[in-house]
Amino acid sequence: MSLSKEQVHHIARLARIAVSDDDVEQFAGQLSSLLDHFSTLSAVDTEGVEPTAHPLPLGNVMRADEPAPSLPLEEVLANAPEHEDGYLRVRAVLE
Amino acid sequence: MTAELWRLTAHEAHEGLRDRQFTSVELTESVLARIKSVEPRVNAFITQTAELAIEQAKEADAKYEAGAATPLTGIPVGVKDLIVTKGVRTTAGSKILENFVPPYDSHVYEQLRRAGAVMVGKTNMDEFAMGSSTEHSAFGSTRNPWDLDLVPGGSSGGSAAAVAAGECLVALGSDTGGSIRQPASLCGVAGMDPTYGRVSRYGIVAFGSSLDQVGPIGRDVEDLATMLDCIGGHDERDSTSNPEPMPDLRHYLGREIEGLRVGVPKEYFMQGMEPGVTTRITETLALLEDLGAVVDRELSLPSTEHALAVYYLIAPSEASANLARYDGVKYGYSYQDGSSMWENMETTRGHGFGPEVKRRIMIGTYALSAGYYDAYYKKAQQVRTLIHQEFQEAFKRYDVLVTPTTPNVAFPVGAKLDDPYQMYLNDIHTLPAAVAGLPALSIPCGDSDGLPVGVQLIGDFFQEGKVLQAAHALERGMPWANRLPQL
Chain C
1 MSLSKEQVHH
11 IARLARIAVS
21 DDDVEQFAGQ
31 LSSLLDHFST
41 LSAVDTEGVE
51 PTAHPLPLGN
61 VMRADEPAPS
71 LPLEEVLANA
81 PEHEDGYLRV
91 RAVLE
Chain Y
1 MTAELWRLTA
11 HEAHEGLRDR
21 QFTSVELTES
31 VLARIKSVEP
41 RVNAFITQTA
51 ELAIEQAKEA
61 DAKYEAGAAT
71 PLTGIPVGVK
81 DLIVTKGVRT
91 TAGSKILENF
101 VPPYDSHVYE
111 QLRRAGAVMV
121 GKTNMDEFAM
131 GSSTEHSAFG
141 STRNPWDLDL
151 VPGGSSGGSA
161 AAVAAGECLV
171 ALGSDTGGSI
181 RQPASLCGVA
191 GMDPTYGRVS
201 RYGIVAFGSS
211 LDQVGPIGRD
221 VEDLATMLDC
231 IGGHDERDST
241 SNPEPMPDLR
251 HYLGREIEGL
261 RVGVPKEYFM
271 QGMEPGVTTR
281 ITETLALLED
291 LGAVVDRELS
301 LPSTEHALAV
311 YYLIAPSEAS
321 ANLARYDGVK
331 YGYSYQDGSS
341 MWENMETTRG
351 HGFGPEVKRR
361 IMIGTYALSA
371 GYYDAYYKKA
381 QQVRTLIHQE
391 FQEAFKRYDV
401 LVTPTTPNVA
411 FPVGAKLDDP
421 YQMYLNDIHT
431 LPAAVAGLPA
441 LSIPCGDSDG
451 LPVGVQLIGD
461 FFQEGKVLQA
471 AHALERGMPW
481 ANRLPQL
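Just so you know, the sequences run in chain order C and Y. So the first sequence is numbered by my numbering: it starts at 1 and just counts up by one. So the second sequence is numbered by my numbering: it starts at 1 and just counts up by one.
Hints may contain errors.
[To be verified] With a straight-line Cα cutoff of 20 Å, these simulated DMTMM-like cross-link-like pairs (lysine to aspartate or glutamate) come out:
#, chain 1, residue 1, chain 2, residue 2
1, Y, Lys378, Y, Glu390
2, Y, Lys95, C, Asp23
3, Y, Lys378, C, Glu50
4, Y, Lys95, C, Glu50
5, Y, Lys330, C, Glu84
6, Y, Lys86, Y, Asp238
7, Y, Lys330, C, Asp85
8, Y, Lys330, C, Glu82
9, Y, Lys330, C, Glu74
10, Y, Lys378, C, Glu47
11, Y, Lys416, C, Asp36
12, Y, Lys86, C, Glu50
13, Y, Lys330, C, Glu75
14, Y, Lys378, C, Asp45
15, Y, Lys466, Y, Glu258
16, Y, Lys416, C, Asp45
Hints listed in this document are in silico derivations from the structure and should not be mistaken for laboratory results.
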């Protein structure tokens, strides 16, 4: 398994992480090597085996739908890089 | 007397507080002085909270006066820096959360405060708990108190080192693939990863949500039981918190283990293991037999070898989704000087995350992407089922499984930093129980050339009591128990 630089660029784009050319060079080697090690799984017979998403699945977890106070707006927004009139402020999504 | 109070375990300190031999303020001052003296060398904390600790210690002393104290009242604790604490910066070891001050408390911190525990600081960790050496922290690496040139393990290396160095009496860590047990082993202290769902994840910075679990690190087994009694139990704010009733775990301590059925899986004794580790584990098994346990060394769990690949596909996949929230919009570091929203977001994440976090997000993104999902993510989940089934079969015949916690003792700072796979191999013995969601702990069982060796005990779901019972019996027979490093 060998990831090309183009593939690493594509994955970084999917993950929304800016990468430098040096990063891409390094990640291509490291990620390829890891995927090689992990490819041992392909030899395991898993015909008809259900996947496990959760070690102890709990179904339909509900609690009483009772109104309770939310966190104070000013405390929540205190961590926001930019906010205005009680809203988070973002750059235009469509330009 | 007060000069050396930091040497006490939590249960010893509780007795002293209860009998009015000293106050929590005196105990806390002793610990704060110890921090001042050793912290420049150990770097176990990202944020110290000395003033807050003294305030909380005064409240604790009032509780003792009022007869309202419980075993953790007035006890100085360290809290891993991915456990959110209202008004106290919580970074998860990341530059992206360098200035994040949570507006609410996590469930586990609420429980500690309700019990009257005293927080002395937020402990260092690998960024977002991704690492096995605490070198992947944006706030500098933590050093092993037994030898400052060595790593303490990780990702809860700050918590383990702080307990070993006497910078707190007990600490909270979190375990996703071994992040409590492995550093506990390398630092010569005790640490437990409870059954998945035993402890609420409300207010824990998420890494791998089907694996993450908070647990205690302490100097002995009794302190583990006391801490888990405090933080465990159902919490409706975490939908994966299990409603299974929580027994009084301290009740299991001091019981005999005559007839305890112990399985020793052969797959955990591999080529390349440090001879000193093998020797100590062999002695530990002999001690279990002396105590009346029935030890079967012929158990085989053949899927063990696949746990590493399973874990390092599933945890990064979950992480790639969980860490999507760090977008520079809602909280955390934000790059603002780009020409578009996307450029800002990508640069925020490019600058804000360290290399190991980027690697894991990218592996996870790849494993979940179109065309590769079945070959990697789904395949890993299927093999996860096989690992789970093998454990369930084993627990029909055994009460606990015993293995080395790690194949080697602590290694030098920098030795494995450039080779992610070599770093991942540190977790090889702690990953299977994590993948299966089983309770497991590590306690010190001796040394190899002066460095601590840990033994791991794994139990069936919700059998923390049985695991603690066996570990407590072992601990009392071990010369290593409760030794402190020279610092």
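We went through each hint and held it up to the structure:
1. Y:Lys378 - Y:Glu390: 19 Å, holds
2. Y:Lys95 - C:Asp23: 18 Å, holds
3. Y:Lys378 - C:Glu50: OK: Lys378 (chain Y) and Glu50 (chain C) at ~9 Å, within 20 Å.
4. Y:Lys95 - C:Glu50: Violated. Lys95 (chain Y) to Glu50 (chain C) sits at ~39 Å, over the 20 Å cutoff.
5. Y:Lys330 - C:Glu84: 12 Å, holds
6. Y:Lys86 - Y:Asp238: 18 Å, holds
7. Y:Lys330 - C:Asp85: 15 Å, holds
8. Y:Lys330 - C:Glu82: 8 Å, holds
9. Y:Lys330 - C:Glu74: 13 Å, holds
10. Y:Lys378 - C:Glu47: The given pair, whose Cα atoms are some 12 Å apart, holds under the 20 Å limit.
11. Y:Lys416 - C:Asp36: 19 Å, holds
12. Y:Lys86 - C:Glu50: 41 Å, violated
13. Y:Lys330 - C:Glu75: Distance ~12 Å between Lys330 (chain Y) and Glu75 (chain C) Cα, so the pair holds.
14. Y:Lys378 - C:Asp45: 13 Å, holds
15. Y:Lys466 - Y:Glu258: Cα-Cα ~13 Å, so holds.
16. Y:Lys416 - C:Asp45: 33 Å, violated
Of the hints listed earlier, those the structure fails to meet are numbers 4, 12 and 16, in rising order.
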